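Chemist: Line order of the protein sequences matches chains W and D. So the number in this note's numbering is just where the residue sits in the first sequence, counting from 1, plus 72. So the number in this note's numbering is just where the residue sits in the second sequence, counting from 1, plus 26.
Honestly, I wouldn't trust all of these hints.
Using 25 Å as the maximum straight-line C-alpha spacing, the simulated SDA-like pairs for lysine to any residue come out as follows [said to hold, decoys possible]:
no., chain 1, residue 1, chain 2, residue 2
1, W, K123, D, A169
2, W, K124, D, A171
3, W, K506, D, E401
4, D, K509, D, S456
5, D, K459, D, R534
Everything labelled a hint here was simulated from the structure, so no lab data went into it. The structure displayed is predicted, hence computed values, not measured ones.
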Amino acid sequence: MTTKLIDIAKSAAGVAKAAGANDARVLASRSREVKVEWRDGKLDRIQESTKKDLAITLFVDGRYSVNMTADLRQDALKKYITDAVAMTRLLAVDEHRKLPDPKLYQGEAPGDLQINDPSITSVQADSRLATAKQIEEAARAGDKEGAVISVTTEVSDECTDLACVATNGFEGEDTRTAFWRVAQVSVKDEGSRKPVAWSYSAGRFNGDQSPAEKLGAEAVERALGLRKTKQVASGRYDLVIENRVVSRLAGQLAAPLNGRSLQQKQSFYEGKLGQQVASKLLTIKSDPRLPRGLGTQAWDDEGMATIARPIFEKGVLKTFFLDTYYASKLGLEPTSASMGNIVWEPGKRDAAAMIKRLKKGIFVTGFMGGNSNSTTGDFSMGIKGFLVKNGKIIHPVSEMNIAGNHLEFWKQLVEVGSDVWQSSANRSPSIRFKKVQCSGS
Amino acid sequence: MSTRKKGDGISRREFISAAAAGAGFVALPTMIAGCCGPLPQPPATPVAAPPPPAPVKEVTSPITYFTGFGIDEQVVAATVNEAMSRGGTFSELFFQHQIRNYVGLQDGEVNRVYSVVDLGCGVRVVKGDQTGYAFTQDLSPQALADAAKTAAVVANETAAAPVESFQRGEVPSYYKAEIPWTEVGLDKKIPLLSLSNEHAFKTDNRVKKVEMFLIDTTSNIMIARSDGQILEDYQPSTRIWMTCMAEDKGRRETNYEILGRRAGLELYTEADLRKRAESLVKRTTVLFDAVPAPTGEMPVVLGPGVPGILLHEAMGHGFEADFNRKGISIYNGQIGKRIAPEFVTIVDDGTNPDEYGSINIDDEGSPTARTVLVENGILKSYMHDRISANHFKVAPTGNGRREDFRFPPVPRMRNTIMLNGPHDPKEIISSVKQGIYAEHFANGQVDIGAGDFAFYLQNGYLIEDGKITRPIKDANLIGSGPKVLEQLEMVGNDMAMGEGGGTCGKDRQGVPVGFALPTTKCNAISVGGKKS
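With the hints as extra help, turn the sequences into a complete structure.
Modeler: Take a look at the structure:
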């Protein structure tokens, strides 16, 4: 049996057609991951594995199913697909299920997106361990009072090969790499409290990662800062939200932009395209072709060529994220369901500078629980962070919530920072809000 | 005990006696004959990997289901011995064949299926508290040996004494699945969704959209350990998820309903599906009358059932022994100490018949149990896997669980349950001057070291002058776990299971869990409402 993924995908698509499918799309993937966890001076866990999967989307007489298997042996696969085609025939016809218009597979040539670091094959087991150890040592070095209880660090890398074939003319192949470093530090506090904090770095290229020393130092400093938390009184506070956690909130803003939410009438954006839904400071685009981006991809899950698109421009909603199916159901043109990298138009100052200008506010460094209602926009989230008075951090806060409605809340956005978070597909800077309802004691 | 009273919960007594009746059963190997893959058309073999599981060739073989995948005692022995070739405290192989189907309804039609067939083996080598882990989706002797070699890197001593033969361990049965999903075609699933859909629309003309998924999972596992034990288990489960959108004078509201069980097709009776569809519609339309949730610290009364997520988040995770072995849980060093009032007893139980979080054995092959965590307010036990049990020199509690063969097991909850207390639920509500009554939660989170937890209220009510009054929704509740537990004011006598069950995430792995709670009064939780 051939081991080239694209050949496996082509052969599976051929089997689907032979079994009676009118059309099929096959995504074959294979990824190898190595992960080292280091805890308190020694190796804690080492994991190393290769995963493979085949996802076969079938279009049979106007009916639709997706079938996944890891068994790529020819005979097994043939039987699996043939049975799946037979099963699909039992479903109701859905006229909106079809492959994308082949025109949408074309697009500008992506050039080198730099999502594959070939050096991944030469990463040595010893070097992962050495980095994990260095991160811990850096964390311990920052513990002047002996407050640290435990330090866990993690170093991992993954290489994924993808091949996608659609029977109306798409063929795509890709190799993506990713590297992670994580530090987690627990410290002693009053009573039995043991606050924990973490730092992390991720990138497509090994060389793009934060140095071990910086990650260790940051994690311990954060953990030590979480001691002696206090609840503060309920009221309206200005908030500065730290770059690396902005995506928890911004994700709730983005979720109802998808086709399913709109078509099922569970989106607070219905009828709002082209309207002002947020402050003029909110300018965000989807950029799936940003070199080295963690959300970078030349083609989306349906094989459609990706393209950069504004999502919010000066607070005005510019697009929805529609795959072929929901676009057809809604009577609109497909745009792609994938967002790629979320890129903000940055401002001039970083979080530290914004905090200096806060009279009375909270610097939010984490969220606890919480959720958002995509239909109405109502949300409520627990927050962790620091009380700030006259530009100075006073003490960490706990057991507090913020609540609002996204269609109102984002109008209170008063500043977008310059400090873009690089270790995620959500490349958000820190942001500042005016007078947010906070509940505490 | 295959018929349950659904919707009304299970009283404590029923619960315990039901558990006792389930014990002592031996897993029936009938699944082997019946196994036929995910598809409704007659295939008589597993779709993922022919040849089909054949009948047991030798009476003496400790392996049954996985012989069909070419796995015999010699292959298992060779792989275990390779895993222990550099020494180590113990090792185990975790074989899994899993079939999952998601059948979906949208806009009145059952018009989508997602099916997944998964097959693989995870190899773990443990040395003290250190773990080496690898998995393979190829079950050839060579691929298994390679995975074993990779996992063995964690150890660096001389080889352990080789294992030559295996004993088959006994496995009880806490779930029956009278009509196994491997024998159920799509033709049997479609009407269940259609009927529920129609009933949701009939219940209230404000309902405009309904969407549903019926999910069934059939997992067969085999654990082969370096202590010479082999255990096989059959793990069925099913969930139905329904969501609807209703419109009233231009306003829209959504809600959802989930049922989760270790059961087969027999779970879904017409009457029950109608009741669930009605409940979904009622919990959606009540939101039109909701007033803004209050803001700030106040008494919170948790209703029976689903609000049991409190146990899971506020204390459950803190009782998991890996966090305590590492010294990072807020409950570290608290065994034998009072952490709650006298009337509080909390158990984590894997033996509740057919419940979503129940397991016959854990994913390390330890027997499941009813583990008393807190007894009359005193912390009695953590939840252990084999590594933490070795560390604390206690017996494993059967909490070593994993999402699938791709992951090493870690201590996880099963069904976490607060037993009945002395108070009348009516008396609990009338004791609150101003506060909230929580009926349904969507999700939660905990910070294990600091003990702070949060959970998101989907349906609730205000309590004003001792009476439940107007509905509220969409509020995050946040508190300190140990403080809430210590200051629990009242616990009712109406314990019920949260019927939806849940998927608990930890270490980037999700496992099915359940929870149960009687009406419970917490004296102060911070409520994140919108009301200024």
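Chemist: All the hints need checking, so say for each whether the structure fits it.
Modeler: Consistency of the hints with the structure:
1. W:K123 <-> D:A169: 13 Å, holds
2. W:K124 <-> D:A171: 18 Å, holds
3. W:K506 <-> D:E401: Measuring from Cα to Cα gives roughly 48 Å; hence the hint is violated.
4. D:K509 <-> D:S456: Holds, at roughly 23 Å.
5. D:K459 <-> D:R534: 42 Å, violated
Checked against the numbered hints above, the structure breaks hints 3, 5 and satisfies the rest.
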